[in-house]
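These protein sequences, in sequence, are chains G and W. Anchor point for the first sequence: position 499 equals 486 in our numbering, and the numbering is continuous, going up by one each time. Positions in the second sequence are counted from 1; adding 372 to them yields our numbering.
Source of the hints: derived by calculation from the structure; they are not laboratory data. Accuracy of the hints is not assured; some may be wrong.
[Unchecked claim] Derived SDA-like pairs (lysine to any residue); straight-line CA-CA distance at most 25 Å:
(1) G:Lys584 - W:Arg432
(2) G:Lys702 - G:Glu569
(3) W:Lys479 - G:Glu620
(4) W:Lys517 - G:Arg592
(5) W:Lys517 - G:Ser559
(6) W:Lys522 - G:Val561
(7) W:Lys379 - G:Leu279
(8) G:Lys697 - W:Arg432
(9) W:Lys380 - G:Val229
(10) W:Lys517 - G:Ile612
(11) W:Lys379 - W:Arg395
(12) G:Lys622 - G:Val419
(13) W:Lys522 - G:Gly679
(14) W:Lys522 - G:Ala666
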Amino acid sequence: MNEESIKEQYDDKVVKYFLVATIVWAGVALLLGIYAALELASYKFNLGLQWFTFGRIRPLHTNAAIFAFAGNTIFAGIYHSMQRLLKTRMWSDAVSWFHFWGWQLIIVSAAITLPLGFTQGKEYHELEWPIDIAIAVVWVAFGLNMIQTIRRRKEPHIYVAIWFYLATFVTVALLHIVNSIEIPVGYLKSYPVYAGVQDALVQWWYGHNAVAFFLTTPFLGLMYYYIPKAVNKPVYSYRLSVVHFWSLVFIYIWAGPHHLLNTALPEWAQTLGMVFSVMLWIPSWGGMINGLMTLRGAWDKVKADPVLKFLATATIFYGMATFEGPLMSIKSVSELAHYTDWVIAHVHGGALGWNGFLSFGMIYYLVPKLWKTNLYSKSLAETHFWLGTVGIVIYMLSMWTAGISQGMMLNAVDASGHLVYPDFVQTVTRIVPLYWVRAFGGVMYFIGYLLLVYNVIKTIKLAPKAAPAVAGSSNPVLNVSVGDLVKSSHGEGPHRVLEGMPIILTVLAVVAVLVGSVIEIVPMIAATDQSSVEYANFKVKPLTSLQLAGRDLYIREGCYLCHSQMIRTMVSDVLRYGPANEMADSRYDHPFQWGSKRTGPDLARVGGKYPDLWHFRHMLNPRDIVTQSIMPEYKWLLEQKLDLSSIERRMSALQGLGVPYTDLEVSGSVEDAKKEAAALAAAVEKDGGPQGMADKEITALVAYLQSLGKQTEKK
Amino acid sequence: MSKNDSKKDNEFDNLSHEYDGIREYDYPAPNWWQIIFYVSIIWGIGYWVYYTLYDGETLRHRLDRELVTIQREKMKEASNGPSESDMSALLSNPAAIASGKEVFTGKCLSCHGDHGQGLIGPNLTDNFWIHGKGTLTDIYTVVDKGVADKGMPPWGPILSAAELKNVVAFVKSLQGTHPANPKAPQGEEIK
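Sequences and hints are given; from them, build the entire structure.
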């Protein structure tokens, strides 16, 4: 069989579909990003509509960027490169199409449910339980398709790109499933089985490694295919790829706790997260070195070819982000950077620079190849590159400045032990101008993207009417024995043999990621069972049914995206918000709400700090209380009726998870909530507040806010 | 590409690997890369062991130590806290009153109204007092320590010593100003 006839049998149709989906969702993700950025510059951009408010748009933006844009990029690139690297068609067309349409359906369901407020309240894991199940099913179908294709390969060994694809598949499956163990309490509502510090650790083990195994390893695989293809030169170092693959996979999984530095997470785990993050720097740079050194001696080609420009610059951004990440994971740097826009700058360097540019490079490479024509306009692609690059630089510079300025202001304590900037809002007004600059950088990046869309459409129109591809494939399965492999490996050592045994390689990758996972998570689950010493010194009152209903509203509105509930072990945090939080403070919190960004102040001890009426007026219009506040108005909370129809089921689910509710509290939850709400509303009315609030959502939310920091007592 | 490069390429072009036209050289990993990797691993193990198993100061200990220092500073400040006469001197000091008014606008207005007429919090212009008898030191105590049950925050940790005194003087200066829409009297009348 000659080369041509094999090529005929590749399934490129599904690749084209994934590619088009990539382009469409990239536009959605970028537009949502610009919109969210404008909402931070001025709260008025939500138009007073709950569905468009920052707390609901931000999860949609992150989900669209990660799972829709980057997700479809990964699938397009994997389906295209894998068939060629293995010289065989994908195992099952039916499964490929199930994967394609299933994934798009999941994205659409996210786009509907998130603005409506259906969310689990855990970052990048917001989607509710039925969608979680769908993700697991579609993801496993993708993995099955991949593994079966590998088994039918007509190459004895698998290339480094495919090692990365395999590690991606198994680890994302593990992360997603473990972080999705939750108890449904309605069609679109659930509580995670983990609480407080356990939930925090599991969530950031997931969140950090979603970055590692959804935004890093698959993209490294794509880099290993598209850079040498586009430049037509050999990969720099095989040895380096072996070392950096295994060290990356093994070390990455440990680094999750660097999202929880200086919190109530036990310090042994914080320190583990920090040191593994620092160790991660060099394995990450192994990938960058291999990508850039492949281009050495060919910089004239890079200069002339927009595809190579995007791929090379993406690799440089990868190098920047993977140096910055370990730096920010050092405890003392985290004191400054955590909860600020520095983190936002960091992730966008990765997302716009590494993931975005690598995707664009791949699109400019693939579209002419797949549609068998030439790119419509090189100079438009060139313009796209420069608009995008300048856009990212503006974005990152503005957010670095904002984050570091605000971090320094918030942490400043004078010699007499007073906060230099005691009012949180003082630090916010200082950086609002930078929010406009950031939005401008985003718009530039988006205009570049529009040029890509135009260029791609024009290119496809240039395409010759293609002959229908030959469907189906009857390639014989490749049977290679270990003995043959050793022979064909020319004594290159055991790893070369392993590259002929993809299942064993996959199993070893699973073992590599399990080591760190088990060592960090198992002790935390064991150490925080109900009788543990960490909890023994404290008496923790569970929330009343009304407060619980308010907490669910707090999650629905995405309050955790701008407010933390974690006073860190730092003087400035303690002076500003009260004593540092203990593990016991969130003992019964399913899910935890420690947050990751303080656009507004911490709320861990806000309970009782202000009168009830203060909160009513503040939610109605924050600027009545804090004139310079940038928080949106939550008028609908004073209009919408509180839904108590499932509160009994929710209390009973939590009771099952170990929250010490009595049966009477569960069965009487509706009555109790109504009574408590009536009393609270009457008191507010008496103080001259709004009338008739007893059955409104606001009353539950205020009851919850007033409970914060009041539930724990030292024994 | 320089001649040197291609000579090197020949040296490390010793693998038969080829996938879809992609070949692999086998250059060694750069020395600096390897050295930093080993150093970071050794440092990582050392750091973790020192801070977890040996005497490395924990974050909570460090916090407690730093808070003790700050507490001592504050005690010093509290022991030379202002007296009635200290603050009454400020009443005739326009700069102090102006500074007090600025603090009031930033911190107190949202609950006590723009003219001290009362809103969420009580009216500050009448001669009814809930906590104490309306002396400067009584007002100072309320502002400094707050009233937890009533939602009055303690401003001691937030305002500087001078700002505290000035805002107290400003509040005292509101006495008997009769602003529009006053909140009904609360507490005890002091004649």
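Against the structure, the hints come out as follows:
no. : hint                : verdict
1   : G:Lys584 - W:Arg432 : holds, 22 Å
2   : G:Lys702 - G:Glu569 : holds, 13 Å
3   : W:Lys479 - G:Glu620 : holds, 21 Å
4   : W:Lys517 - G:Arg592 : holds, 17 Å
5   : W:Lys517 - G:Ser559 : holds, 19 Å
6   : W:Lys522 - G:Val561 : holds, 22 Å
7   : W:Lys379 - G:Leu279 : holds, 19 Å
8   : G:Lys697 - W:Arg432 : holds, 21 Å
9   : W:Lys380 - G:Val229 : holds, 21 Å
10  : W:Lys517 - G:Ile612 : holds, 21 Å
11  : W:Lys379 - W:Arg395 : holds, 17 Å
12  : G:Lys622 - G:Val419 : holds, 23 Å
13  : W:Lys522 - G:Gly679 : holds, 23 Å
14  : W:Lys522 - G:Ala666 : holds, 17 Å
No hint from the list above goes unmet by this structure.
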